[in-house]
Amino acid sequence: MKKILFIMNPISGTISKAGIPEIIEKTLDKKKFDYKIRLTEYAGHASEIAIDAKNNGYDIVVAIGGDGTVNEVARALVHSQTALGIIPCGSGNGLARHLMIPMNIKKSIEIINKAEIHDLDYGVINDYDFFCTCGMGFDALISMKFAESGKRGPITYMENILSEWLKYEPETYEIEDESGKYKYQAFLISIANASQYGNNAYIAPQASMSDGLMDVIIMEPFDILEAGQMSFDLFNKTMDKNPHIKTFRCKQLHIHRSQPGVIHYDGDPVMTNQDIDVKIEPSGIKVVVNPNANKRQRRPNILQNAFTDFFNNLHSVRTDITKTGKKVEVISKAIQRKLNSNF
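Everything in the sequence shown is counted per our numbering, starting at 1365 for the first residue and increasing by one.
Derived from the structure by calculation, the hints contain no laboratory data.
Each residue gets a CB set at the ideal place from its N, CA and C atoms; glycine is no exception.
Keep in mind that the hints are not guaranteed to be accurate.
Below, a list of computed lysine-lysine pairs in the DSSO-like style, where the Cα atoms sit at most 27 Å apart [as the list claims (entries may be wrong)]: (1) LYS1643 x LYS1471; (2) LYS1396 x LYS1418; (3) LYS1547 x LYS1470; (4) LYS1509 x LYS1545; (5) LYS1509 x LYS1471; (6) LYS1478 x LYS1509; (7) LYS1381 x LYS1396; (8) LYS1509 x LYS1366; (9) LYS1509 x LYS1381; (10) LYS1390 x LYS1418; (11) LYS1394 x LYS1367; (12) LYS1471 x LYS1395; (13) LYS1418 x LYS1395; (14) LYS1381 x LYS1478; (15) LYS1395 x LYS1470; (16) LYS1381 x LYS1366; (17) LYS1390 x LYS1367; (18) LYS1470 x LYS1509; (19) LYS1531 x LYS1615; (20) LYS1367 x LYS1396; (21) LYS1381 x LYS1395; (22) LYS1400 x LYS1390; (23) LYS1478 x LYS1531; (24) LYS1470 x LYS1394; (25) LYS1470 x LYS1531; (26) LYS1418 x LYS1400; (27) LYS1478 x LYS1396; (28) LYS1471 x LYS1531; (29) LYS1367 x LYS1471; (30) LYS1547 x LYS1531; (31) LYS1394 x LYS1366.
Just the calculated beta-carbon pair ranges, DEER-fashion [claimed, not checked]: (32) ALA1511 x PRO1466: 49 to 57 Å; (33) LYS1615 x ILE1481: 20 to 28 Å; (34) ASP1483 x GLN1661: 20 to 28 Å; (35) ASN1468 x ALA1591: 30 to 38 Å; (36) ASP1587 x GLY1383: 44 to 52 Å; (37) GLY1576 x MET1635: 27 to 35 Å.
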């Protein structure tokens, strides 16, 4: 019999968890598992419970909640023999969606019954563990606003994006990895261990949790006419093909910015100084995975690629027209000055 502990945050996410203990009782394979359920009572309590379970020889600790609860439990289990399981009940569920764990409670427990466990990577940003994504710039600002709003769900998230986007000023970042030093002006920098933020918003559609590398996504400034394409690519799994996106992979990263500011790790915001260090911890955590997951579903299909190519061609045409218009304007002014000097 394997020992399994379910840790449930009763107030996270957007759905009621009142019926979950009963679903666990009916669905969990009790021939395989001896189980208990613990409820969290305050911030950080999930980590405390998970550490205690790890120290008492539990084989699996299951986080029932959103990305914050998953992070709390997961960071208590790194570099141990205790595996992380997930029953997704949050507003984004980024890690669960990347792992293709069903959003349905009963089906996610059926995945746990199969008990297929893989050693996966996780990341560290300024001593904060992350398992899905971390970042700075606009997405970190939105994480802070989202946390302050007191409401959850994609509608609140979009409201914050719309209210902050037009007044946000991109920053200049000095970046150093194994290959050298670079400088970028960026709207945001996201570092991804998994493919998405949550809600199927794929910031890094090529990211893998088992390659020993993190995907770095640099979003350069863009104008209001390009915002629609940027949003389309985010949900179309084609963000890496957008002309305003620069991507690369590395094991370690140092970032310097001009002033202190907010960063986020798995959506949790925190203030830090100008210098930010990020690294990957290969195979650092054991995770219960979906053995039937089709990894190709994280990648864009032929139709999605075709739509993106079409929009990128439109972008190129618009850019060429804009450049041509500016050249014509310069020539026209030069001719006008010449004519004026002759009179």
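These are the hints, each one checked on the structure:
no., hint, in the structure
1, LYS1643 x LYS1471, "violated (34 Å)"
2, LYS1396 x LYS1418, "holds (18 Å)"
3, LYS1547 x LYS1470, "violated (48 Å)"
4, LYS1509 x LYS1545, "violated (31 Å)"
5, LYS1509 x LYS1471, "violated (33 Å)"
6, LYS1478 x LYS1509, "violated (39 Å)"
7, LYS1381 x LYS1396, "holds (24 Å)"
8, LYS1509 x LYS1366, "violated (41 Å)"
9, LYS1509 x LYS1381, "holds (26 Å)"
10, LYS1390 x LYS1418, "holds (25 Å)"
11, LYS1394 x LYS1367, "holds (10 Å)"
12, LYS1471 x LYS1395, "holds (18 Å)"
13, LYS1418 x LYS1395, "holds (22 Å)"
14, LYS1381 x LYS1478, "holds (23 Å)"
15, LYS1395 x LYS1470, "holds (17 Å)"
16, LYS1381 x LYS1366, "holds (24 Å)"
17, LYS1390 x LYS1367, "holds (17 Å)"
18, LYS1470 x LYS1509, "violated (33 Å)"
19, LYS1531 x LYS1615, "violated (34 Å)"
20, LYS1367 x LYS1396, "holds (9 Å)"
21, LYS1381 x LYS1395, "holds (25 Å)"
22, LYS1400 x LYS1390, "holds (14 Å)"
23, LYS1478 x LYS1531, "violated (49 Å)"
24, LYS1470 x LYS1394, "holds (15 Å)"
25, LYS1470 x LYS1531, "violated (44 Å)"
26, LYS1418 x LYS1400, "holds (14 Å)"
27, LYS1478 x LYS1396, "holds (10 Å)"
28, LYS1471 x LYS1531, "violated (43 Å)"
29, LYS1367 x LYS1471, "holds (20 Å)"
30, LYS1547 x LYS1531, "holds (23 Å)"
31, LYS1394 x LYS1366, "holds (9 Å)"
32, ALA1511 x PRO1466: 49 to 57 Å, "violated (27 Å)"
33, LYS1615 x ILE1481: 20 to 28 Å, "holds (24 Å)"
34, ASP1483 x GLN1661: 20 to 28 Å, "holds (22 Å)"
35, ASN1468 x ALA1591: 30 to 38 Å, "holds (33 Å)"
36, ASP1587 x GLY1383: 44 to 52 Å, "holds (48 Å)"
37, GLY1576 x MET1635: 27 to 35 Å, "holds (30 Å)"
Hint check: violations occur at hints 1, 3, 4, 5, 6, 8, 18, 19, 23, 25, 28, 32; the rest are consistent with the structure.
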